[in-house]
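Put chain D on the given structure of chain S with help from the hints.
Number of protein chains: 2
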Amino acid sequence: MDIRQTATAAKQAAIRLAAVDTEMKNRALASIAEAIEAGREQIAAANRADLERAEKENLAAPLLKRLKFDYDKISDAVAGLSSLIGLPDPVGRTLSATELDAGLELYQVTCPIGVIGIVFESRPDALVQISSLCLKSGNAVLMKGGSEAAETNRVLADIINRAGVAAGIPDGWLALLEARSDVIDMLALDDAIDLIIPRGSNAFVKYIMDNTNIPVLGHADGICHVYVDKAADVNMAEKIVVDSKTQYVAVCNAAETLLVHKDIAAAVLPAVKDALCAKGVGIRGCAKTCAIIDATPVTEEDWSTEYLDLIISVNVVDNLDAAIGHINHYGSGHTDVIVTADPQRGKQFMDLVDSACVFVNCSSRFSDGFRFGLGAEVGISTNKIHARGPVGLEGLVIYKWRLLGAGHIVADYSGKNAKPFTHRRLDT
Amino acid sequence: MDIRQTATAAKQAAIRLAAVDTEMKNRALASIAEAIEAGREQIAAANRADLERAEKENLAAPLLKRLKFDYDKISDAVAGLSSLIGLPDPVGRTLSATELDAGLELYQVTCPIGVIGIVFESRPDALVQISSLCLKSGNAVLMKGGSEAAETNRVLADIINRAGVAAGIPDGWLALLEARSDVIDMLALDDAIDLIIPRGSNAFVKYIMDNTNIPVLGHADGICHVYVDKAADVNMAEKIVVDSKTQYVAVCNAAETLLVHKDIAAAVLPAVKDALCAKGVGIRGCAKTCAIIDATPVTEEDWSTEYLDLIISVNVVDNLDAAIGHINHYGSGHTDVIVTADPQRGKQFMDLVDSACVFVNCSSRFSDGFRFGLGAEVGISTNKIHARGPVGLEGLVIYKWRLLGAGHIVADYSGKNAKPFTHRRLDT
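Respectively, the protein sequence lines represent chains S and D. Residue 345 in my numbering is what sits at position 345 of the first sequence, and the numbering runs on without skipping anything. Residue 389 in my numbering is what sits at position 389 of the second sequence, and the numbering runs on without skipping anything.
Just so you know, the hints here were simulated from the structure itself, not pulled from any lab data. We put the CB at the ideal spot given by N, CA and C, even for glycine. One or more hints might be untrue.
[Unchecked claim] Computed footprint of chain S on chain D, listed as stretches where at least three residues anywhere in the stretch have a Cβ under 8 Å from a Cβ of chain S:
(1) 98 to 109
(2) 366 to 375
(3) 389 to 403
(4) 414 to 424
[To be verified] Here are the simulated EDC-like cross-link-like pairs (lysine to aspartate or glutamate), alpha carbons at most 20 Å apart as the crow flies:
(5) D:Lys347 x S:Glu105
(6) D:Lys416 x S:Asp72
(7) S:Lys347 x D:Glu23
(8) D:Lys11 x S:Glu105
(9) S:Lys279 x D:Asp412
(10) S:Lys206 x D:Asp190
So that you can see chain S by itself, here it is in the shape it has in the complex (with noise of 0.2 Å):
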């Protein structure tokens, strides 16, 4: 099949799909986590196979450990789909009931989304939990992993696409792309496919979304700060700068820029460059900041590079709102963090920060799915309509408005004579 007619066959599925109930859905689940138990002997030596192949091509180490799907990791993936069939169901949840008239009633009630495509980067894990997050909030999926996976993917899509058909799962629901053309296919797609999230590097997300016309939910760059007010406690604002920086530092929640007042600077700064330093963090800074402490001079560039790797760079400021004005200015939208002692200066950070993730004397790496409790997530989105920050299954779904009538007419609610309506909430 090429790739529209894959496209065409996971439309027709997801009309179907949208229609099964959660029951179905939980135990086409639970066959996924047995089959995949099931298979492990053979998902492992097709991961091995991968391995084998990227060790060959000098593939970086930690990409390596990301691509590794040993009988540890593969029993993690079912343990996550365990606890996905915990999760309630995204669809049929009522988020509106209104009488319009007697006998008239109106509801907005959650539906699965149709067809979402999604480019995912070299972790088998990935490939489990996104079908299954589509599984489960009744959406049909196409997914196009790393290549680096080929041979992994393959065979996992195989077992989870068998799995869910076999418990009852409409066929077509699931197809695994395996050519980065079929991608450049798919953004041509917009009748047939609703929504493409892609997870990668800036550079590929970036092109995804500037090609084409279906909506995309992700985010290209990461630029997080931590800025650390005036009325910040030094050594609370050490461990979250340090923790913000260093925890993990090649992913998209890590921090990038620091920004402090200038009334702290001198007695945030000396102690946050130690403790950075002990970390093997390089720091670039400010003019103000490099007459405090040791600092490479940092470029206009810098506020808006995405470093992913032990730099920081660092911006004294004169107040709150030219901390504010910097983050939106040269931001991302992703997570960003005050450190302050003041709930108000607290407050008003959150409030005219424009990022989808506002923190307050925190981390910003629980910027996350799993640690906001979402049970798992797609992707972070740093779009400004639909789901923002961490998406989780309530990101894949949107609703319908169901009137249910017995044969109502709008003349009569109209013109001279017309009836009024009696819009009376209706108890969900």
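Then chain D, alone, in the frame of chain S:
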């Protein structure tokens, strides 16, 4: 100012507008109502100038009627502002609240989207409604109205903008674009504009959707269906078909296609035909239809045509599945109706028809923000994400994640001896 400067100013205003409280927004709406009331002579004079020009240019009578903005319509607009003041603020609503651990609390709170670009038809009342809905939801707005209403729009926008700013709304919150080229320029400003809502002709909306990376909320076509099931009451079916088709033909929620179950076609079609003919509706039928009633043979193109006129296409289908298949294939995902006495078949229709509005036993014409009790609408969306169907205030907000800690860092929740999260739901 050029359009980029205007949009940048709007973005700056939007940041501050997001933090404006409900009381000030309502006070601003009241000031705007007073200012419109006080300026009604000036507004009506500007409108007379537009009308005179339009008459000279031989604008069609229905368009002249929409363009007219006399004292009565001004009073209606002022009344609309009063009811908007009475609606709850969509901003600042807590959607979820979760304790992640002791002292670490996560709140998902609604906030404005930011800067909204709205292009609308030649109805000056739309300008009042759109700008006030944006203000109430804390969004800055760039508006382009129909050129026929240029004088009226200029006076209205000026009055509304000044009254808002005088009441404390940040300068730059409202701008009127005057040239069509401004709209084209606006489509490129994806760094400053967060959402575009186009209203108008199919071709124009489609052009916008195809030529911007900014999210677009709206609908191009409104190809709505009424399906008369075998289990339908014939009288009820007749009433609903006539209302859906003829109550107002030139609107997106009017029916364009009638589908009839073959078992009831002989009973339904003659009655429906007489009632439609009495309203002047021309019928284009499939072969089975033409065997029962006198009708013009339908063409394949008819099924995907939005007539917006006194024409209806009729298809006799074999069963409920065929009706659903026809709608999902040819429809535009706007509003579709089933007439049936069987609730199970009604549910099946609502589950499987992939449209924003799915109705049982009532007219497609109910698909409207005012009738739905949303207060007012910015438009009707056939999007599959964010907002679907009639979009009121709720569609103009998104949310932020606010996390409040006391020095919490992720290192404590990672690796060996990781602290567990509590993920306890808090009362909202």
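Taking the hints in turn, this is what the structure says about them:
Counting residues of the region 98 to 109 of chain D whose CB lies closer than 8 Å to any CB of chain S gives 4, so the stated coverage by that chain holds, three being the minimum. Check on the region 366 to 375 of chain D: 5 of its residues sit with their Cβ under 8 Å from a Cβ of chain S, so the three-residue criterion for coverage holds. Interface restraint, the region 389 to 403 of chain D with chain S: holds (8 residues with C-beta to C-beta distance below 8 Å; minimum three). Only residues whose beta carbon comes within less than 8 Å of a beta carbon in chain S count, and the region 414 to 424 of chain D has 3; three or more means the coverage holds.
Only pairs whose Cα atoms come within 20 Å are accepted, and Lys347 of chain D paired with Glu105 of chain S is accepted, the gap being roughly 14 Å. For a cut-off of 20 Å, the pair hint linking Lys416 of chain D to Asp72 of chain S stands: about 16 Å separates their Cα positions. With a C-alpha separation of about 18 Å, the suggested pairing of Lys347 of chain S with Glu23 of chain D holds against the 20 Å cut-off. Restraint check for Lys11 of chain D and Glu105 of chain S: not satisfied, since their Cα atoms lie roughly 40 Å apart, outside the 20 Å limit.
Annotation: proposed proximity of Lys279 of chain S to Asp412 of chain D holds, straight-line Cα distance about 17 Å (limit 20 Å). The straight-line distance between the Cα atoms of Lys206 of chain S and Asp190 of chain D is roughly 13 Å, inside the 20 Å bound, and the hint therefore holds.
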